[in-house]
Amino acid sequence: IVFLARPGPAGREPYCNGFARHPRRRARAQAREGFGRPARRTVHDPRPMTRFPAFEHPEFRRYFVGQSIALVGGFAHNVGMAWLAYRLTGSVALLGVVGFAQLSPALLVSPLAGLLADRYPRRAMLIGLLGSVALTGLLLAALTAAGLLSPALRVLLAFPRGMLFGLEVPIRHALPLRP
Numbered sequence: 001i002v003f004l005a006r007p008g009p010a011g012r013e014p015y016c017n018g019f020a021r022h023p024r025r026r027a028r029a030q031a032r033e034g035f036g037r038p039a040r041r042t043v044h045d046p047r048p049m050t051r052f053p054a055f056e057h058p059e060f061r062r063y064f065v066g067q068s069i070a071l072v073g074g075f076a077h078n079v080g081m082a083w084l085a086y087r088l089t090g091s092v093a094l095l096g097v098v099g100f101a102q103l104s105p106a107l108l109v110s111p112l113a114g115l116l117a118d119r120y121p122r123r124a125m126l127i128g129l130l131g132s133v134a135l136t137g138l139l140l141a142a143l144t145a146a147g148l149l150s151p152a153l154r155v156l157l158a159f160p161r162g163m164l165f166g167l168e169v170p171i172r173h174a175l176p177l178r179p
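Heads up, the sequence shown is in the numbering used here, so the first residue is 1 and it goes up one at a time.
I should point out that these hints are in silico values taken from the structure, not numbers from a laboratory. Glycine included, every Cβ here is placed at the ideal spot set by N, Cα and C. One thing to keep in mind: the hints can contain errors.
To be verified - Quick list of the computed label-pair ranges, beta carbon to beta carbon:
hint, residue 1, residue 2, range
1, Val72, Leu139, 18 to 28 Å
2, Leu107, Leu139, 16 to 26 Å
3, Gly96, Arg51, 38 to 48 Å
4, Ala93, Pro53, 42 to 52 Å
5, Leu143, Gly99, 12 to 22 Å
6, Gln67, Ala142, 18 to 28 Å
7, Arg51, Ser104, 31 to 41 Å
8, Gly66, Gly147, 28 to 38 Å
9, Arg61, Ser104, 28 to 38 Å
10, Pro111, Ile69, 22 to 32 Å
Please put together the full structure from these sequences, using the hints given.
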């Protein structure tokens with residue numbers, strides 16, 4: 001700690017880096033210096049004061065709501081797939097294989113998706129990927145309703161879902177960036 005040359009008030013400790021060493025005195029000194037206070041806005045400033053300034057932009061609000069719905073749907077699909085595998089067979093081993101088939105393709109596909117996100121239109125790719133994910137969910141629902149879903153078919157349906165998830169995440173993260 002570097003002490004300044006000037007001493008503190010009579011009978012008190014010296015100032016440390018321009019602020020008193022006592023916590024309350026330091027807080028008061030910082031408040032006087034302007035630390036910790038929001039910037040004052042003038043009467044003529046048209047911007048509203050919000051806690052999250054990104055939500056002032058309609059494009060970001062639309063992106064945030066859409067991605068929130070997509071993420072909740074994706075996680076519900078993953079949980080539903082695992083629940084279906086365990087509920088219909090009672091096999092913990094099949095539950096592990098389905099989980100592995102859902103998540104392991106992301107390790108292989110994600111680096112390639114980063115390349116795709118840099119070269120092609122992100123929005124169009126993301127819409128196409130989310131549509132494909134919805135189709136895999138609809139196919140799973142149709143096969144389950146028809147009673148045609150076997151354990152091997154369950155694993156085969158989990159693998160493309162994992163590949164689509166591995167493609168979707170890097171593209172989703174790159175979407176708000178401007179090229």
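Do Gly96 and Arg51 keep their Cβ atoms within the hinted range of 38 to 48 Å? holds (43 Å)
For the pair Val72 and Leu139, does the Cβ-Cβ distance stay inside 18 to 28 Å? holds (20 Å)
A range of 12 to 22 Å was offered for this pair. Does it hold for the Cβ distance of Leu143 and Gly99? holds (19 Å)
Does the hinted range 22 to 32 Å hold for Pro111 and Ile69 at CB? holds (27 Å)
Just to be sure I understand the hint, the distance between the Cβ atoms of Arg61 and Ser104 should be within 28 to 38 Å; is that true here? holds (35 Å)
Range hint compliance [Cβ, Gly66 to Gly147, 28 to 38 Å]: holds (34 Å)
Would you say the C-beta atoms of Arg51 and Ser104 sit inside 31 to 41 Å of each other? Hint holds: Cβ distance 40 Å, inside 31 to 41 Å.
When you take the CB atoms of Ala93 and Pro53, is the distance between them in 42 to 52 Å? With a Cβ separation near 50 Å, Ala93 and Pro53 satisfy 42 to 52 Å, so the hint holds.
Could you see if the CB distance from Leu107 to Leu139 stays within 16 to 26 Å? holds (24 Å)
Is 18 to 28 Å right for how far apart the beta carbons of Gln67 and Ala142 are? holds (27 Å)
Checked against the numbered hints above, the structure breaks none of them.
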